[in-house]
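Undergrad: Now for the letters of each chain:
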Amino acid sequence: MIVFVVLVSVLIVFFSIMVVSLKHPISSAVSLLIAFLLLAIFYLLYGAEFVAAVQVLIYAGGIMVLYLMGVMFTDSEWIKITRQTHLQAWLALFLVLVFFGYFGHKLYHSQYPAPAVKRTEISIAKKSETEKKLPYLQRETNPRSVSVALFKDYIYPFEIASVLLTVAVVGGVFLAKKEV
Amino acid sequence: MFSLHPSWTHLLTPEIALLCFSIIFLVIAGLKGDKNLRKGSLYLSLLCLLFTLFFVIQLFVSLPDKEHISVISTSAGNASLLIDKYSLLFKMLVILGGFFSLLVSQKELDEENAWTGEYFALILFSILGMMVMASGADLLTLWVGLETMALSIYVLAAYLRRKESSVEGALKYFILGALSSGMYLYGVSFIYGATSSIHLKVLRAQLGMMITRGGIENIPFPLAFGLVLLVVSLLFKIAIVPFHFWTPDAYEGATTPVTAFMSVAPKAAGFAMLGRIFFVGLIPLYDILIPLLMLTALLTMVWGNIAAMLQSNAKRMLAYSSIAHAGYMLSGVIAALKAKTDEGITAVLFYLFVYIFMNVGAFSVIIALKGNGEEGDRMEDFTGLFKRKPYLAIFMTFFLLSLGGIPPFAGFLGKFFIFMSLVHSELYLLAAVLAITSVISIYYYYRIVCNMFLKEGVEKPQIREGFLLKSALIIMTVVNLFLILFTNRIFSIMEKGSIF
Chain A
1 MIVFVVLVSV
11 LIVFFSIMVV
21 SLKHPISSAV
31 SLLIAFLLLA
41 IFYLLYGAEF
51 VAAVQVLIYA
61 GGIMVLYLMG
71 VMFTDSEWIK
81 ITRQTHLQAW
91 LALFLVLVFF
101 GYFGHKLYHS
111 QYPAPAVKRT
121 EISIAKKSET
131 EKKLPYLQRE
141 TNPRSVSVAL
151 FKDYIYPFEI
161 ASVLLTVAVV
171 GGVFLAKKEV
Chain B
1001 MFSLHPSWTH
1011 LLTPEIALLC
1021 FSIIFLVIAG
1031 LKGDKNLRKG
1041 SLYLSLLCLL
1051 FTLFFVIQLF
1061 VSLPDKEHIS
1071 VISTSAGNAS
1081 LLIDKYSLLF
1091 KMLVILGGFF
1101 SLLVSQKELD
1111 EENAWTGEYF
1121 ALILFSILGM
1131 MVMASGADLL
1141 TLWVGLETMA
1151 LSIYVLAAYL
1161 RRKESSVEGA
1171 LKYFILGALS
1181 SGMYLYGVSF
1191 IYGATSSIHL
1201 KVLRAQLGMM
1211 ITRGGIENIP
1221 FPLAFGLVLL
1231 VVSLLFKIAI
1241 VPFHFWTPDA
1251 YEGATTPVTA
1261 FMSVAPKAAG
1271 FAMLGRIFFV
1281 GLIPLYDILI
1291 PLLMLTALLT
1301 MVWGNIAAML
1311 QSNAKRMLAY
1321 SSIAHAGYML
1331 SGVIAALKAK
1341 TDEGITAVLF
1351 YLFVYIFMNV
1361 GAFSVIIALK
1371 GNGEEGDRME
1381 DFTGLFKRKP
1391 YLAIFMTFFL
1401 LSLGGIPPFA
1411 GFLGKFFIFM
1421 SLVHSELYLL
1431 AAVLAITSVI
1441 SIYYYYRIVC
1451 NMFLKEGVEK
1461 PQIREGFLLK
1471 SALIIMTVVN
1481 LFLILFTNRI
1491 FSIMEKGSIF
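First to last, the sequence lines map onto chains A and B.
When the letters of the first sequence are read in order and numbered with the working numbering, they come out as residues 1 to 180.
When the letters of the second sequence are read in order and numbered with the working numbering, they come out as residues 1001 to 1500.
Hints are not guaranteed to be accurate.
[As the list claims (entries may be wrong)] Computed cross-link-like contacts, DSBU-like style, restricted to lysine-lysine with a CA-CA straight-line distance of at most 35 Å:
hint	chain 1	residue 1	chain 2	residue 2
1	B	Lys1470	A	Lys177
2	B	Lys1039	B	Lys1470
3	A	Lys177	B	Lys1163
4	A	Lys152	A	Lys23
5	A	Lys177	B	Lys1039
6	B	Lys1470	B	Lys1163
[To be verified] Take a look, some chain B residues computed to stay more than 12 Å from chain A by CB distance:
hint	residue
7	Ser1007
8	Ile1463
9	Leu1481
Derived from the structure by calculation, the hints contain no laboratory data.
Beta carbons are placed, not taken as given, at the ideal position from N, Cα and C, and that holds for glycine.
Kindly produce the complete structure, drawing on both the sequences and the hints.
TA: Now the structure itself:
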């Protein structure tokens, strides 16, 4: 399993770098798509099949289409004349490597403490009558813990997130409108 | 076990009301442009904010002191939303800041011919986000509130889309803001990994346990790493010095009422969030936090004031001065961390209250100067203002002296309480730097005063304020002048905002 995890992680990092370093927007978009799909595999490896399915549906399915539509509507001639790096790039690369080297080393050699709270955050405290009758509802499944988290424990941030998305849409439309 | 407070609809009235109000403005934004309708929406938005303020005050009066009511508890029994006098006071400050910024927007929107419903909707949405920030008790709720606020403000900063500086400032703000949000989330993911909870109470309990077991060194590296990222992103949001680079550009580019709004309301909300995270979650770490925050506060006070001296644009100068003021307020937070009493928090609340009136006041004079194709924010625009419009020059003098902390004005009281809280918690170095940098700040505030009274200006066309701008100027001058008479009453209200 660890071999797969390392392989998938390395591939994700590789394709993410490709997203920002490839010149043509379509190739960037395709690299992003591959990175998203690999991320879904990564989630599957850790047993989060619901998140993996959502990842494929929403990111690889929905958002990628939007990206490609966006690329289609933009003029790609200017790409040939713009540089993708500037003078600070090497210094930045050096600092990033130092930073990640140091913290990666520290993180690799440090132990995560054993969780003090044992999955109580997402466990179901009380079972209702219907739940007792239907045995498959008693199992701690992935979609179930996700929905308990979303619609019970974190209902307030979930609702406020709808406001957040409204703001994003309104702001995006406002900035793209022609007339004030 | 998961539970909702029985009267949660009552406790969340202000938020629900504000959400409904902001949706009204989205509908108005979609209507075809009748100009009177758009102007009417300004009055409507002021009315909406007054209603929301009324709901908050009603809750504030009905709530018992020093009680933190948990509106939503998760399955594990941790509060994820708290309504207490601390959060309600910050909500009031945020609404007041929004109210006065809207009150002074009429002239600017006329000049730029930029009346839209989105302007009001976005301001109301961002106030909603700030209210969530004030009462969130877990890192996720706080983040969602923060992002709601920030996204609205990115758009507001780019409100004048044809102006290059506006778009530039907004883009810088957006990129750096997105970076700091990423840092926040990255940090929270480490914190969650190490404590398997995002609740501040649990974080505090676990930190306390680790420290009693084996001191600071017992905190595992991933947790420490996450906490550092969390603190840095918080300091970024309130523009503390090593993380302040977005402030001057964003403030200069944005239209002036938005700048006024950006300088008061998000700052108040940022301090609410900072206070909640520090005093509920990170309080066991005070040993490390105090020297770290002291360093940033010192840098902020010194650099904010020095950089403000070098500016030739009044809005940029006020941006740097707002950085310096954030440093003073951060000192109040440090005092509260050190003494573990509410005194510092009370001082910060009082300061934020006063700051709304003096800062929005100064910005509204800049708005009044705008016109005939001139921005009104260069230093030269103030020359000879006394001859042209005597009362405007006198009002501006009051606001600037108040910002500088000269005794009879309101700003002095704010600084005085922070100074006292610093002395009481034996932070003499911070107190001394606060006093010295305040004296430095008088130099650049005085430069504008000098320009207004002593220099002869060139002949310029008549300045016209609208009715709303005039009334806002009068309200803010009156508050700056006479707040000292009601110090006790306001201080005793602010004292109720207890976090401990």
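Undergrad: Verify the proposed pairing of lysine 1039 (chain B) with lysine 1470 (chain B), using a straight-line Cα cut of 35 Å.
TA: 17 Å, holds
Undergrad: Within a Cα-Cα threshold of 35 Å, do lysine 177 (chain A) and lysine 1039 (chain B) meet the stated pairing?
TA: Status holds; Cα separation ~21 Å.
Undergrad: Please settle this one: serine 1007 (chain B) was flagged as non-interface, so is its CB more than 12 Å from every CB on chain A?
TA: 16 Å, holds
Undergrad: For lysine 1470 (chain B) and lysine 177 (chain A), compute the direct alpha-carbon distance and say whether it is at most 35 Å.
TA: The hint holds at about 33 Å.
Undergrad: Holds or violated: lysine 152 (chain A) with lysine 23 (chain A), Cα cutoff 35 Å?
TA: Roughly 45 Å separates the two Cα atoms, so the pair is violated.
Undergrad: Quick check for students: does the CB of isoleucine 1463 (chain B) sit more than 12 Å from each CB in chain A?
TA: 24 Å, holds
Undergrad: Would the pair lysine 1470 (chain B) and lysine 1163 (chain B) pass a check requiring their Cα atoms to be no farther apart than 35 Å?
TA: Between lysine 1470 (chain B) and lysine 1163 (chain B) the Cα gap is close to 27 Å, so the pair holds against 35 Å.
Undergrad: Just double-check leucine 1481 (chain B) for me: nearest Cβ-Cβ distance to chain A has to come out over 12 Å.
TA: 38 Å, holds
Undergrad: Compare the distance between the alpha carbons of lysine 177 (chain A) and lysine 1163 (chain B) with 35 Å, and conclude whether the hinted pair is satisfied.
TA: With Cα atoms ~15 Å apart, lysine 177 (chain A) and lysine 1163 (chain B) stay inside 35 Å; holds.
Consistency with the previously given hints fails for number 4 only.
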